[in-house]
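From first to last, the protein sequence lines stand for chains F and C. For the record, in the first sequence the residue sitting at position 168 is 168 according to my numbering, with numbers rising by one throughout. For the record, in the second sequence the residue sitting at position 23 is 23 according to my numbering, with numbers rising by one throughout.
No lab work stands behind these hints, which were simulated from the structure alone. It should be emphasised that the depicted structure is a prediction, and the values quoted were computed from it without experimental measurement. Ideal Cβ placement from N, Cα and C applies to all residues, glycine included. Mixed in with the good hints there might be a few duds.
[As the list claims (entries may be wrong)] Listed below are the simulated DMTMM-like cross-link pairs for lysine to aspartate or glutamate, each with C-alpha atoms no more than 25 Å apart in a straight line:
id, chain 1, residue 1, chain 2, residue 2
1, F, 91, F, 159
2, F, 295, F, 359
3, F, 369, C, 291
4, F, 152, F, 212
5, F, 231, F, 82
6, C, 103, F, 38
7, F, 509, F, 71
8, C, 76, F, 342
9, C, 103, F, 39
10, F, 152, F, 88
11, F, 160, F, 481
12, F, 303, F, 273
13, C, 103, F, 188
14, F, 466, F, 504
15, F, 295, F, 192
16, C, 103, F, 159
17, F, 323, F, 343
18, C, 103, F, 190
19, F, 295, C, 291
20, C, 103, F, 196
21, F, 369, C, 347
22, C, 21, C, 347
23, C, 76, F, 125
24, F, 509, F, 266
25, C, 103, F, 343
26, F, 160, F, 477
27, F, 531, F, 342
28, F, 509, F, 273
29, F, 303, F, 342
30, C, 76, F, 445
31, F, 492, F, 510
32, F, 295, F, 477
33, C, 103, C, 291
34, F, 369, F, 416
35, C, 103, F, 273
36, C, 103, F, 266
37, F, 295, C, 50
[Claimed, not checked] Taking CB as the label site, the calculated pair distances span:
id, chain 1, residue 1, chain 2, residue 2, range
38, F, 233, C, 207, 46 to 56 Å
39, F, 182, C, 334, 40 to 50 Å
40, C, 81, F, 138, 50 to 60 Å
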Amino acid sequence: MKKSFAAAVVASFMAAGLAVPVTAETPPNMLVIANRIDDIKTFDPAESFEFAGADVSRNVYQKLVNFDPLDLDAGYQPQLAESWEISEDGKTITFTMAEGHVFSSGNPVTAKDAEFSLRRAVTLDKTPSFILTQFGFTPDNVEETIVATDDKTLVLTLDKPYALSFVLNCLTATIGGIVDMETAMANEVDGDKGSEWLRTNTAGSGPYKVVEWRPSESVLLDLNPNFGGEKPAMERVIVQHIQESATQRLQLERGDIDVARNLSPEDVAGLEDAEGVKIVDELRGRLMYWSANQKNEMLSDPKVLEALKLATDYEGMSGSFLKGQYTVHQAFLPRTFLGALDETPYSFDIEAAKAALAESAHPDCGAIKISVRDAQERLDIGQSLQNTWGQLGCDIELIVGTGAQTLDRYRAREHDIYLGAWGPDYPDPNTNAGTFAVNPDNSDEAGATGLLAWRNAWGIPEMTEKTLAAVVENDTDTRREMYLELQREHQKVSPFGIMFQQIEQNGMKESVENFVAGGATTAVSYWVITK
Amino acid sequence: MADTTHGEGRRASSFPPWLKKTLATLATVAATILGLLFVTFMIGRVMPIDPVLAVIGERATQAQYNQTFRDLGLDKPLLTQFWIYVTDVLRGDLGESIRTGQKVTTDIARVFPATLELATLGTLFGVVLGVPLGVIAAVRRGSWIDQLARFVGLIGYSMPIFWLGLVGLLIFYGILGWVAGPGRLGIFYQGIVEPITGMLLIDSALRGEWAVFRSAFSHIILPASLLGYYSLAYISRMTRSFMLEQLGSEYVITARVKGLSEWQVVWGHAFRNIRIQLITVIALAYANLLEGSVLTEIIFAWPGLGQYITTSLLANDMNSVLGGTIVIGTIFVAINIFSDLLYRFFDPRSK
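Modelling step: build the complete structure from the supplied sequences, incorporating the hints.
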């Protein structure tokens, strides 16, 4: 009797579960997104430096200047600052704050908040702080160099007359987010300027505020009730952490989500004929490249490098396993950046590659180890290189490791070839030029692990000077020309084989309009989306 | 001297046996968990991954690197680092996760109930269906039901859970729409129920939020059935083999000769004698599910302990890994002790 009762209970539970109506269209004022968001460690703009974190930050914190999501090509536009002036010596920028911006707490945004936020970002000295400290701001001098003279005026004093576009581009980065000073300081613990609190809470003047964050699970954003701009159509945005592409696809097909952000090429292809679903392609800033350690004698031979660049099957890869996800691009500035070079001088030509190798000091090639992390697309690229470089007679071995393992080797300059990706840190050409084409001191002691040129032991004092000259050039056309020239030279002589630029393929309901993931320069903007 | 020794001996023996046993058990538990922590800690420290980079990312300057290196205490000798960690643990501080930026205790309090709920329901399915299936398969050896049990077991052993999970989602969620999709709860129900235990089914039932309960049940049913199926395959196979052994024993023949009904022979005698072995099997199956079913958790976006530990390990977030290790170690020890107690209850000889 007891047994049959238990069985009946279980059966009825199962039946109840199966009978639950489970499909529901997302409401018209709510946006539900599936994305991989397990990289979020903090929402604090002074510390946040991850992709998913930047997506949240852009919708929560406003900056002095910012990008219009519907016209990214227009570059930075006034946001919290309505105007700015640069002094004659080019070292002082004076911002005049705009009216009508209010934090989610109800406090108005003033120059004092901007002073607090930028000083805080410098003094906390977290990883992204270099974006500001490269202008000469230090924890010791911020009280003189970042000053709000009154509630409407902020004065920045730089150590050199940098190109204005360089400075303003950097202020559009996540670290330029202006925090509500009063709220942050009300939550200060042990002089941390509210850091601990700002890790999990937000205090911005953007269209949204974070209501709940469950790490590796979901982020919930609601409208900032005090937002000064036009009221966004999406009053609530939920980003769910869904690791698997196949799961995201199923959710999109069922109508449980509005946008799927991590679809594999197979799932994108599978959705092409799906009813009510569209795929929107967007060029992003991430580059895929290989680089050769110049401590390796064979790999420092220019002719060997030329042979390897010619023996890379760019079109073959982008036309097969990378289809739709990457496009061929061979310069260090991503397309859409100021001064980006669109020329692709290398294409797969095994005969030309063999001829170049024959002219080198290593006509028989030799053993080459490629460090590659255990991600599918990189393994596929590694195998393609193994195949085509093998045709030159090189003995290629793939050293597969986790991201952290391969990165450790790379930073220690212990690799032969590193197969990696690089995304811009801020939307100015110097973000990539300053790492691919700068290495003033190539010694081990210099320990310039942040510079890709140093990691590959590529000492380039002359090119470094040219790159640094470009950041103080105030004429935009001249600056563009300087970068174009730099990239042409870099393509020819560098130990970097830049191959592809990322295309993000987002699947979404047909009714979703204005979904802009941020192009190559910024992050996603939920406030312009309608559906 | 002799007196003293004698006196000490007398004092020692004055402890009641249950207290001695409890103290011995506690000492074993402490030594086991300490040993486990030591090994995990050392593996974490000798892994060829730089924990500093996991915190600051690859763009940080050397000065920031050095500062974080010191902040993490990595400049101290390994044993000192371990000692500091253990004393912190004894104070209830498992440290901070570098991956989520939160206290490990907060993280575990969030992810463990999700795993506990899923594993318990999965084991329940496995036991409720697996034990009778195993018994019937043994009793009707060679019949169609025995063949079915074997087939179920074979599929359970050989199909990758990743594949089965995706196919399950495709059919029951994607095509039929009978169950809800990934995650623990529908988006409309999130935040409605104030957590008590962290287990959504229990919390929503306790608070009388039946709409939330239905949503949570609709989300858990598929992953729990999947895990239950794997438990079922294991439990039914073991039950069948235990029962076959008993059914071939002389006392079963005697019972049959005495004219007892088949029901009494099977359930009253043979099954009673396999209960103890079954407890071990079920306890092991349950512990395995509690340890975390990483792939199931990934497919169903189930924010559980297995996924938490695996992701942390790959990011070299050792505080999280060690915190998870403590939880798992404690679970295994607790399940072992519980099995021991059940042994004593079911088997008078062990008393």
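Taking the hints in turn, this is what the structure says about them:
| no. | hint | in the structure |
| --- | --- | --- |
| 1 | F:91 <-> F:159 | holds, 7 Å |
| 2 | F:295 <-> F:359 | holds, 21 Å |
| 3 | F:369 <-> C:291 | violated, 37 Å |
| 4 | F:152 <-> F:212 | violated, 33 Å |
| 5 | F:231 <-> F:82 | holds, 20 Å |
| 6 | C:103 <-> F:38 | holds, 16 Å |
| 7 | F:509 <-> F:71 | holds, 22 Å |
| 8 | C:76 <-> F:342 | violated, 51 Å |
| 9 | C:103 <-> F:39 | holds, 16 Å |
| 10 | F:152 <-> F:88 | holds, 21 Å |
| 11 | F:160 <-> F:481 | holds, 21 Å |
| 12 | F:303 <-> F:273 | violated, 47 Å |
| 13 | C:103 <-> F:188 | holds, 18 Å |
| 14 | F:466 <-> F:504 | violated, 33 Å |
| 15 | F:295 <-> F:192 | violated, 43 Å |
| 16 | C:103 <-> F:159 | violated, 40 Å |
| 17 | F:323 <-> F:343 | holds, 20 Å |
| 18 | C:103 <-> F:190 | holds, 18 Å |
| 19 | F:295 <-> C:291 | violated, 46 Å |
| 20 | C:103 <-> F:196 | holds, 11 Å |
| 21 | F:369 <-> C:347 | violated, 62 Å |
| 22 | C:21 <-> C:347 | holds, 19 Å |
| 23 | C:76 <-> F:125 | holds, 23 Å |
| 24 | F:509 <-> F:266 | holds, 18 Å |
| 25 | C:103 <-> F:343 | violated, 49 Å |
| 26 | F:160 <-> F:477 | holds, 20 Å |
| 27 | F:531 <-> F:342 | violated, 35 Å |
| 28 | F:509 <-> F:273 | holds, 13 Å |
| 29 | F:303 <-> F:342 | holds, 24 Å |
| 30 | C:76 <-> F:445 | holds, 23 Å |
| 31 | F:492 <-> F:510 | violated, 44 Å |
| 32 | F:295 <-> F:477 | violated, 37 Å |
| 33 | C:103 <-> C:291 | holds, 20 Å |
| 34 | F:369 <-> F:416 | holds, 5 Å |
| 35 | C:103 <-> F:273 | violated, 46 Å |
| 36 | C:103 <-> F:266 | violated, 38 Å |
| 37 | F:295 <-> C:50 | holds, 23 Å |
| 38 | F:233 <-> C:207: 46 to 56 Å | violated, 33 Å |
| 39 | F:182 <-> C:334: 40 to 50 Å | holds, 48 Å |
| 40 | C:81 <-> F:138: 50 to 60 Å | violated, 32 Å |
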